[in-house]
Amino acid sequence: MPTVVKKHPLAIRWFHWLNFPILLCMIWSGLLIYWANDVYRIRVGGKELFHFFPKGVYKALNVPYHLAEGMNWHFAFMWLFFVNGLLYVTFTVVSGQWRLLLPNRRSFREAWQVVLHDLHIKRTEPQFAKYNAAQRIAYTAVVVMGIGSLITGLSIYKPVQFQVLTSLCGGYEAARLEHFLLTLGYVLFFLIHIAQVIKTGWNNFQAMITGLEVIKPTTNEQTS
Amino acid sequence: MNKLPDTLPEQSFNKRQWQQRTVLSFVIFILAGAVAWTIFHRIKTAPADNGTPKPLRSVLNSNEAIFSAVFDSNRRVKEYPVSAAVKKVRVNGLEGMEDAVDEATWRLHVVKVNGDTLSLSMADIKKLPKKDIVFDFKCIEGWSQITHWGGVPLRTFMQAYGLNLERTMNYVGLQTPNKKYYVGIDMPSAVQEQTILCYEMNGASLPVDQGFPLRLIIPVKYGIKHLKRIGTMYFSNSKPPDYWAERGYDYYAGH
Chain Y
7 MPTVVKKHPL
17 AIRWFHWLNF
27 PILLCMIWSG
37 LLIYWANDVY
47 RIRVGGKELF
57 HFFPKGVYKA
67 LNVPYHLAEG
77 MNWHFAFMWL
87 FFVNGLLYVT
97 FTVVSGQWRL
107 LLPNRRSFRE
117 AWQVVLHDLH
127 IKRTEPQFAK
137 YNAAQRIAYT
147 AVVVMGIGSL
157 ITGLSIYKPV
167 QFQVLTSLCG
177 GYEAARLEHF
187 LLTLGYVLFF
197 LIHIAQVIKT
207 GWNNFQAMIT
217 GLEVIKPTTN
227 EQTS
Chain S
828 MNKLPDTLPE
838 QSFNKRQWQQ
848 RTVLSFVIFI
858 LAGAVAWTIF
868 HRIKTAPADN
878 GTPKPLRSVL
888 NSNEAIFSAV
898 FDSNRRVKEY
908 PVSAAVKKVR
918 VNGLEGMEDA
928 VDEATWRLHV
938 VKVNGDTLSL
948 SMADIKKLPK
958 KDIVFDFKCI
968 EGWSQITHWG
978 GVPLRTFMQA
988 YGLNLERTMN
998 YVGLQTPNKK
1008 YYVGIDMPSA
1018 VQEQTILCYE
1028 MNGASLPVDQ
1038 GFPLRLIIPV
1048 KYGIKHLKRI
1058 GTMYFSNSKP
1068 PDYWAERGYD
1078 YYAGH
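For the protein sequence lines, the chains are Y and S, in the order given.
Offset between the first sequence (1-based) and my numbering: plus 6.
Offset between the second sequence (1-based) and my numbering: plus 827.
The set of hints was computed from the structure by calculation and includes no laboratory data.
Certain hints may be false.
[Claimed, not checked] Covered by chain S, per the in silico footprint, the following chain Y stretches (three or more residues, Cβ under 8 angstroms): (1) 11–19; (2) 22–34; (3) 37–48; (4) 76–82; (5) 176–187; (6) 209–219.
Glycine residues also receive a C-beta, built at the ideal position from the N, C-alpha and C atoms.
Work out the full structure, taking the sequences as your base and the hints as a guide.
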């Protein structure tokens, strides 16, 4: 008879899994838009190290000449991205789940220990109930990034109506760059997130679907 | 127990219950994924309405309706000092300007609501008070340039030529003389004070590739609406045909 803990509330699981395809659609359509003026590159001393993005990437993803299509998807799915994000934040506030999500006083110190543990440099990791310190920081940061995408996005989308936001972002072109960098941030988040989920294993992953995590006898002693 | 939960609530299940719960969750998960994919695929392959899938077109139109209800169409675009304007102004589209143009024979045809047509020369337009504007010109492709333009505000022009009934219509339509490029503009944006019938760039006569002798400069819209070489102006309560809107772009295309 397995003893299980209620890990993820139903609402959070829905918000999480809805956000995945919505954000994916925003990133894909954003790429279609970016292609029409793909001016960002990494340069060191006048030498171009990387161009966002190489021709091969565009070709593989069928990006070229889809600007209108990209804009139309982007300005349709922005509503879903916004509403889903707003509902998620509202839920965490109302339900008290924010206590498990927001970094606390110990988090910034502990996050370092978590990183050392994950890199197999340190054997033990700090105790935690639902999310460890690094997770608290990452999952809060990604919400802040979402708000950032909203602000920078509105600054490019309606720079006359939201000119206060646009100047807060440092102008129209700065807002576009910030919007782009935030997107790179999501991709980085996604890659680390997937790696961590794979590393942590099935029991943790299935909890994001069933909501329940099975407590193994060894961990049972730790948590009780 | 203190206020911060240190442990997650435990629940006892027998093996059967646990299995049922797991199977049910995964079935819903996979079904939801299939539904999401189906929605995406349905939208992508839906019949087109002016070059874009119908569902996306209706969202664009709803966005336009929401924003025109909420936004203040009189809001001004930020202006810059003349010194901020670039000297090398980008040329991005030449549609509708395939034929030669001669200022002496060129006329702006204004089709009035009662069916009359005004036929105006450049002299008729240049005698109206001129306004200069330096602003950040934004292309729908994503680039922008601070540029300097001069001409007569459209609202001043309409007043001067008695287009008062026309002012109450919902849209202004513009066409090049050969009718190969055409735009439609909502009236609030058209009569916003910074919208000009433009005949000067950087203090000199408009270059041919910038729409000589007369073009539209409408700072609250993307460049696709700034029609070069105006031939005909008309007014309508329904949306006039729009070159890029027919090719999948947003009709409103405004900021």
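Results for each hint:
1. 11–19: Coverage by chain S holds here, the residue count being 3 at a Cβ distance below 8 angstroms.
2. 22–34: holds (count 3)
3. 37–48: holds (count 5)
4. 76–82: holds (count 5)
5. 176–187: holds (count 3)
6. 209–219: Answer holds; 6 residues pass the 8 angstroms Cβ test.
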